[in-house]
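So the sequences go chain by chain: Z and D. Letter by letter, the first sequence follows residues 1 to 475 of the numbering used here. Letter by letter, the second sequence follows residues 1001 to 1181 of the numbering used here.
Fair warning: there could be bad hints in the mix.
[What the hints assert, rightly or not] Pairs of lysine to any residue residues, derived as SDA-like cross-links and limited to a Cα-Cα distance of at most 20 Å, are as follows:
1. D:Lys1019 / Z:Thr228
2. D:Lys1092 / Z:Glu420
3. D:Lys1127 / D:Ala1099
4. Z:Lys160 / Z:Arg139
5. D:Lys1092 / Z:Ile414
6. Z:Lys434 / Z:Glu420
7. D:Lys1092 / Z:Arg428
8. D:Lys1072 / D:Ile1056
9. D:Lys1142 / D:Gln1178
10. Z:Lys167 / Z:Ala179
11. D:Lys1019 / Z:Ile35
12. D:Lys1092 / Z:Asp426
13. Z:Lys434 / D:Gly1111
14. D:Lys1019 / Z:Thr25
15. D:Lys1142 / Z:Arg139
In case anyone wonders, no lab produced these hints; they're calculated from the structure. In this text the structure is predicted, and so the values were computed from the model without any measurement.
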Amino acid sequence: MNPTETPRRPGCPELRRPDLDSLFTVNPDGSRNAIHPADVHGRFQRRKHLLWLVLVVVYLAMPWVTLGGKPAILIDIASRHFHLFGRTFNAQDFWLAFFYLSGLGFALFVVAALFGRLWCGYACPQTVFLEGVFRRIERLIEGPPAARRKLDASGPTPQKVLRRGAKLLVFLAIAFVVAHSFLGYFMPVREILQAVTSPPTQHMTAFLFVSAFTLILFVNFTWFREQTCVVVCPYGRLQGVLYDPDTIVVGYDNKRGEPRGHDGNEVGGDCVDCFRCVAVCPTGIDIRNGTQMECVGCANCIDACDDVMTKLGRPTGLVRYDSGNGFLGNARRFFRPRVALYSVLLVMGISAFALAASSRQAFESNLLRAAGAPARFADGMVHNMFVLHLVNKLPYKARFTVAGRGPEGAVYEIAQPEVELDSLADWRIVVQVKVPEAALHKGEQAQLAITARADGIEPIEQLATATILGPTQAR
Amino acid sequence: MTANLREHTFDGIAEMDNKLPNWWLWSLYLSCIFSAIYWILFHTLGTEDLPYAVYIAEEKAAAEKLEAEMAKNPVTEQSLLALAANPAALAKGQQIFLANCASCHLPTGAGSIGPNLTDAYWLHGDKPMDVYNTILKGYPEKGMQSWANFGPAFVQHSAAYVLTLRNTNVQGKEPQGQKVE
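Based on the sequences and whatever the hints tell you, model everything.
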C-alpha cells in the first residue's frame, strides 16, 4: 500500500522502511528492532515537556496529598478502605466503582472519538515517564540517536560499559522511586516509609511486591518501551472502533504531499521524502502510510515536518492534526452521533456515581433479629431480641447514641446506648424490645433512633426498624 | 510485501504471516515448560503439595502452635479468678459479653432465652472451670453454642466476666438447675 516505493541506491545495503504489513519494531526474524527516535524540536514538544513536568510531579506526589487528614487517593486493598478526594468508602460501597470506572472509560471514548489518542501521547504515565524522564536521561548519558545506535552495535568497550552501566543504574534508581510512589496509591505512604527503613523480613509481601514491580518498571522503561503500547495496552486496540473519518488525528496530507520526492518542481507534491517524520517516530511507523495502530499521537512527526517545510520555505502543516475528511478536503464535522452517544454514556456514568456517592449514608444502621431468638413471653409482655449493627462511614471518629422509639407501650433495653466509633469501624449492640401482649398488632415495628455526632457537623439521625414477632391482636 | 499473505480470507480480510516477536514466543515456551514441570511435580509424582494440602498443613501447624502456647499457660481455676480480678481483662470480657452473650442472657445477665447468670441456680455448675467449659464446648442440644472458634482469649475473658455476675441477683428469669451454696 505504499504510495511509492523508494528506490534503493546502488551499492547501499537494503534498508528496511516501515510498512503497513509488519511491525517495524520486530525484525523479519522475530528479533527486536530497537527504536532510537531522532531529536526533535517544535511547538508540540514544548507543550508536551511543560505538561510532563507537571504530570511527573502529580503522579509521584499524589499519594502524599491529604484532604482533611485523609489521603486524597488511597485504594487500601489490605484493609478494604477506599479514600477518594475527601470521601471514605468501604467494601460495601464497591458497587460504586462500576459507575466510576465506566465514567472514566467513556471519558476516554469521548476524547478518542474527538481527538484520537490524545491521552496516549500527552498524559499516559507510560509516555510521561518514558519520554519525559527515561529517554531524556538516556539522551544525556548516551548521546544522540546515532551514538546510541553505535553503542548498541559495539562490543563491551570501556566506553560502552561506563555509559550503559551508568544509565542502567540511574534507570534502576528511578524505577525504584516510581514503584514506591505507585505502591503509595494502594498502601498508606507512612507505612511504606516505615517499611523502606526497616528490614525486609518484617514485611515480606510488600517487599516482594515492590521488588517485582521495580523490576517490571525497569525492564519496561529500559527495553520494552513502545511494545507496551503496541502489544500490551488494550486502549490503543480500540481506536479502530472509536475513530471515524471526522476524528482529529495526527496525519499526512496525501493530496498536498504526493507525488513525493520532487524537489519543488511544479508536477510534484510538497513531501521531499526526507524521512524526518519516520526518524523521530517513537513507535517506528511512517505516518505517510495513514493512521496506524502503533501511532500514539505524540505529534513528533508534525514538529519534524514543520521544521523541514519552514526551512524549504513551504507552508507548514503537511503533517498535522486534522480529520480524515479534512485531509481529503471535505467538510469537517466536530459533533457527530458517535460523540453524542459517548458523551451521554459518560454523563450517565458520572451522574450515577455522583448521585450514588452523595446519597450514600453517613453511617449504616441495621436492626437484625438476634440469631436463633424468636419471641418470648413474660409478665404479659412479648420480648424480642435484636442486634443493632452500626458502621461509621464518616471519614472521622463519631459518637453514636441509640434510643428506642414507638410503638406505644414498648420498653427498650439497650446494652450500650452510647458508643464511639472510628472511621469505618463497626459495632454490634444487643437490644431487647418488650411490648405488652395486648398492644402488639400485626406488622408492629421496633424503632431505634440512632444519632451520630462529631465535632463540626450537625447531628445526623437515622431510624432503624424491624418487625416485632409474637401473637398479634386484631386492630 | 504481500509474499507472506495467508491463503484464506474472511469477508475479504486476509491475514499476514509475520513472525511473532521472539520475546513473545519465549514467554510462551517458558510458560509451557513451567506447566509441564508443575504437572509432573504436583500432579503426577506428587512430590510437591497442592494448595489445599499446604493449607491443611499450615492449619495443623498453627493449631499445634496454639496448643503448645496453651499448654504453657494452662487454664485453671486460679488463672480464671486472676482474670476476673484484672480490670482490663474484665473490660474486654464485658465488651464480648455485651456484643455476643447479651442477646440470650441480657446485658445484665438476668437471662431471657438463656438462663439467669446472676442467681444461685446453675444448670452446668458455677465453678470457674465449669463456666469456662460451658462457654468453650457449649451445650448445643440446649441452645448454647460452642465459642471455641472465637479463640482462647474470647472464651477466657467472657468466662471471667460471667464469674463476676454470679450472685448479683438481678431480677429476671426464673431459677433453673441446681441451687449452689
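Verification of the hints:
1. D:Lys1019 / Z:Thr228: 18 Å, holds
2. D:Lys1092 / Z:Glu420: OK: Lys1092 (chain D) and Glu420 (chain Z) at ~16 Å, within 20 Å.
3. D:Lys1127 / D:Ala1099: 24 Å, violated
4. Z:Lys160 / Z:Arg139: 14 Å, holds
5. D:Lys1092 / Z:Ile414: 19 Å, holds
6. Z:Lys434 / Z:Glu420: Status violated; Cα separation ~26 Å.
7. D:Lys1092 / Z:Arg428: 15 Å, holds
8. D:Lys1072 / D:Ile1056: 24 Å, violated
9. D:Lys1142 / D:Gln1178: OK: Lys1142 (chain D) and Gln1178 (chain D) at ~16 Å, within 20 Å.
10. Z:Lys167 / Z:Ala179: Measuring from Cα to Cα gives roughly 18 Å; hence the hint holds.
11. D:Lys1019 / Z:Ile35: Since the Cα atoms of Lys1019 (chain D) and Ile35 (chain Z) sit roughly 19 Å apart, the hinted pair holds (cutoff 20 Å).
12. D:Lys1092 / Z:Asp426: 16 Å, holds
13. Z:Lys434 / D:Gly1111: 14 Å, holds
14. D:Lys1019 / Z:Thr25: Between Lys1019 (chain D) and Thr25 (chain Z) the Cα gap is close to 12 Å, so the pair holds against 20 Å.
15. D:Lys1142 / Z:Arg139: 80 Å, violated
Hint compliance for this structure: hints 3, 6, 8 and 15 are broken, all remaining hints hold.
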